[in-house]
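A.B. asks: Since each chain comes alone in its own frame, lean on the hints to assemble the complex.
Chains as they are written, first to last, in our numbering: chain A, 1 to 462; chain B, 463 to 561.
Okay, derived cross-link-like pairs now, BS3-like style, lysine-lysine, Cα gap no bigger than 27 Å in a straight line:
hint, chain 1, residue 1, chain 2, residue 2
1, A, Lys281, A, Lys249
2, A, Lys357, B, Lys515
3, B, Lys546, A, Lys78
4, A, Lys19, A, Lys56
5, B, Lys515, A, Lys372
6, B, Lys488, A, Lys90
7, B, Lys524, A, Lys368
8, A, Lys246, A, Lys280
9, A, Lys371, A, Lys257
10, A, Lys62, A, Lys19
11, A, Lys357, B, Lys467
12, B, Lys554, A, Lys81
13, A, Lys368, B, Lys512
14, A, Lys295, B, Lys467
15, A, Lys32, A, Lys141
16, A, Lys368, B, Lys515
17, B, Lys515, A, Lys371
18, B, Lys524, A, Lys357
19, A, Lys16, A, Lys5
20, A, Lys295, B, Lys512
21, A, Lys372, A, Lys269
22, B, Lys512, A, Lys371
23, A, Lys48, A, Lys81
24, A, Lys257, A, Lys372
25, A, Lys269, A, Lys295
26, A, Lys357, B, Lys512
27, A, Lys295, A, Lys371
28, A, Lys90, B, Lys554
29, A, Lys368, A, Lys295
30, A, Lys62, A, Lys18
31, A, Lys78, A, Lys56
32, A, Lys78, B, Lys554
33, A, Lys56, A, Lys13
34, B, Lys524, A, Lys229
35, A, Lys81, B, Lys546
36, B, Lys546, A, Lys90
37, A, Lys295, B, Lys515
Partial list, computed: chain B residues near chain A (C-beta under 10 Å):
hint, residue
38, Leu473
39, Lys488
40, Asp504
In case anyone wonders, no lab produced these hints; they're calculated from the structure.
On a predicted model such as this, the values are computed, not experimentally measured, just so you know.
All C-beta atoms in this analysis are idealised placements derived from N, C-alpha and C, irrespective of residue type, glycine included.
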Amino acid sequence: MELNKLTLIEAIKGIKEKKFSSTELVSDCLDKIAKLEPTLNAFVTVNKDNALNQSKNIDITKPLAGIPIAIKDNFCVKGIKVTASSNLLKDYTAQYTATVVQKLEDAGAIVIGKTNMDAWAHGSSTETSDFGPTKNPWNPKHLPGGSSGGSAAAVASDEVVTSIGSETAGSIRQPSAWCGTVGLKPSYGRVSRYGVIAMGSSMDCPGPITKTVDDAALLLSIISGHDPKDATSIPQGPWQIPAPLKDLKGLKIGLPKAYFPEGIKSTVKEAVLNAAETLKKLGAEIIELDVLDPKYAIAVYTVLQRSEVSSNLARFTGIRYGHPRSTFGDEAIRRIMLGTYTLSSGYYDAYYLQAQKVRTLIIEDFEKQFKKVDAIIGPTSPTTALSLGATEGQSMFGELEDMLVEPSTLAGLPGISIPCGFGDGLPIGLQIITPQLREDLAVNIARLFESNTDYHLQHPKL
Amino acid sequence: MSSSKISLDQLRHIAHLARLEINPKKENYLADQLSETASYIDVLGELDTKEVKPTFQTNHLKNVTRDDVVGDSLSQEEALSQAKDTYNGYFKTQATIKK
Chain A
1 MELNKLTLIE AIKGIKEKKF SSTELVSDCL DKIAKLEPTL NAFVTVNKDN ALNQSKNIDI
61 TKPLAGIPIA IKDNFCVKGI KVTASSNLLK DYTAQYTATV VQKLEDAGAI VIGKTNMDAW
121 AHGSSTETSD FGPTKNPWNP KHLPGGSSGG SAAAVASDEV VTSIGSETAG SIRQPSAWCG
181 TVGLKPSYGR VSRYGVIAMG SSMDCPGPIT KTVDDAALLL SIISGHDPKD ATSIPQGPWQ
241 IPAPLKDLKG LKIGLPKAYF PEGIKSTVKE AVLNAAETLK KLGAEIIELD VLDPKYAIAV
301 YTVLQRSEVS SNLARFTGIR YGHPRSTFGD EAIRRIMLGT YTLSSGYYDA YYLQAQKVRT
361 LIIEDFEKQF KKVDAIIGPT SPTTALSLGA TEGQSMFGEL EDMLVEPSTL AGLPGISIPC
421 GFGDGLPIGL QIITPQLRED LAVNIARLFE SNTDYHLQHP KL
Chain B
463 MSSSKISLDQ LRHIAHLARL EINPKKENYL ADQLSETASY IDVLGELDTK EVKPTFQTNH
523 LKNVTRDDVV GDSLSQEEAL SQAKDTYNGY FKTQATIKK
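Here chain B stands alone, though its shape is the one from the complex (with noise of 0.2 Å):
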């Protein structure tokens, strides 16, 4: 099991990750509250489950698909009425791409 204590590197590298930003005066009580809980998991490498399978699912069923046909779906004008901006019938997002 891995080590439970959460550096501050380690805290902006998940902030990153979960594109989340983090208040600088926050930065080193949030890890350290990561750090309790991630503690507190690390009882689960008591258990010896070499032998043992995951449950992802507990009603165990898979590959769940339905037919393939049309049904109703929201209108686009639906889709877009809760967006704060829009552009031409179109949600507007950030560049991804810089020039």
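Here chain A stands alone, though its shape is the one from the complex (with noise of 0.2 Å):
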């Protein structure tokens, strides 16, 4: 029946009818998840059996009843192992399970598997990852994007019906661009970082990867909520999925100049512009917006992530569990070294404090812009994926790649990645950005373009 292929609202709704039951949803994933893995890569581990005995007994009440869930391997998940794709931790077996999948399970989901990252979320394509790299569905000589390359290939290839992803700057949005997925990075503080292997504190946020724009706001409003086990959370019950919009009339939308850089993929800009046009035609009036070069977002970033990355990875010492510090790949030893260096006594002022004080610069350019318009959009990257082997010797690969989602990350702000073209058979993702706690507008724009266009009804010939 190639169940899979359903969006996740098609597969709850069938579920709840009746149509046909959790162990035949299950079944067909697991089928086509065997059958792709050879080619994709997308997985660390597949749940097979656990997934499979959970779908036979199932409490059709619940609103995820049922419903195979892939989720990225860096969420902690009680009794199944948790990796982050790194060698370091490919044996350990997680004690706890994170907040997040904690409320899908309670939710009535099912964790089918655990999905192929950057190791410890360090990069941009899923080819750090050290049990090999991920394969874009759409062409598998190409990168899926990252760090949530796996959850996004695995949505796209229909090998499951929805997945979670984790985003520290650009690892939701940037893979669901790469892989036509739609990719929603929450409000930072507004899901929970509890049991999430943690990689730039002040910024990392567990987010969906979906098929579609309600598919994402259904799991943004399950996964969200205040944890007192995250003291960053924030104290507000979980989101409210907002009511549709009819149009986008008196809506400003603003197109910051400096989104489309030089040396943009043509393809990209084009496909922006259209859908900013389209966006128009819904009622928006369209803004071109002079914001603060990204180039200080990249800086700040870089700092930002490595030094936090630096306190996080030290932690990892092989003691009390995983394997000595040895075993840690050139990616994160990389990382590790530079926030060591930029936290490191005589470098501290010039770096890091210097990096937060850009950061409130960065924040303020923001507010500047919401008082002129309500969201705004660009690309979510300037190229479309691009091939294996790409990131090879590159040092700051992933700041380069995910340029102009790293503003709205250092400023804690939320965004949504949708599919809005494609170019050499390629997708292409637009993003739009609001303000903070306003994802119930991102949604609403989202939505809106998704129902006027036929992007993310498009699949990858596999």
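C.D. replies: Below, the structure written as structure tokens:
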């Protein structure tokens, strides 16, 4: 039946209306995974037997009853391996469950597997995974983006109906753009980080990677909400799915000139400008913006992320769990080293403190822009998916690929990436950025764009 | 702003602070890569930030605490279950004081 091709909302409906069982849905996903994994390598662990067992005993009253979901391999799920795609944690079994996964399981979802990622989430390609790269379902000679590349590839290829990823700067939105999925990065603190292997703690955000905007909104409404186990969790209840808008009349949408940098792929530029036209036809007023040059956000992000990485990865000593520090891969070593340097005596003020001050300037720049417009749009990535091997020897690969998502990340803003076109057979992503805690507006603009276009209905031929 | 070139001595000092052992054959390559990244972040010095306060956390929550009540935690068995080396119910570490 290929139930794996359904969207999340369709799958929920089918199970509730007893058109098919959870076991049939889980089986179809497992069949597709078995068929495609030799090509894609989107999973680190497939939770086959557990998932099938759980599917036989579901509580139909729950919102995600019997829905299999793929979880990025940096979320702890008790009793299942969690590796962050690193050799250091290759045989580590989680002893507790992340809040996000707990909420999904409480809602009736079934963890079908753990998806591949850049090792420790350090990258934008999924090529730095210690277990081999994930391939892009649209063309397996290309990268899926990252770091949540496994989740995006699994959804785009219909190995699963839906997934969860995490983003520090771009790791949900950029692989979504490159794989043609929807990626929703919530406001910082909207979704608990408890039980997620930390990367850049002042920026890390779990979030959905899905087939449609409504799927993403539904998952966000389930995984969000205050968590006493995460001190940066916003003290608010779960996010509520907003009622849809009829059109975009009265809405001002900003288009920053700097989000079309030199070297942007012409197909990407064209698709995003066309998307702006579509939004205009839906009633929005499009306003060009002069924003702070993204080069400063790249520098701030590089310093803060490396600094936070060096601190977060200090706990991996191989004593309580995992293997010794000598098993860190090259990218982790580069990041820990730079972060240790920028935090070290004599350099802290010039790098770390200065970066935190420039971060304030970036936040103030967004506040200024949001006095003029309600939302900001731009390309999610300046390119379509690059070829395998593109990251080789590139110490700043991720930062340059993610230059258009880094400013909003540093300001803790929500953003969504949705399919808005194709270039040479590879998907292109449009990102919509809104003020803090205004996921409702990002979702509503994305919904209207999606219902007036058909890019999300196209599937890779695998 | 400091000079962005990272010397081999600096590299070894940073590696010591980070408790990483760098393969001597890779030292030059790594120093070059770190210098490349460090030179990129030097653009931070271009902006005037004399009057600007740093932002360490974007949702501005401060001094978040919880009630001091005992809750569930990992059992000793669970806590030790992933360690490669244990002794009498403890983690075994390398000696930090030389005899």
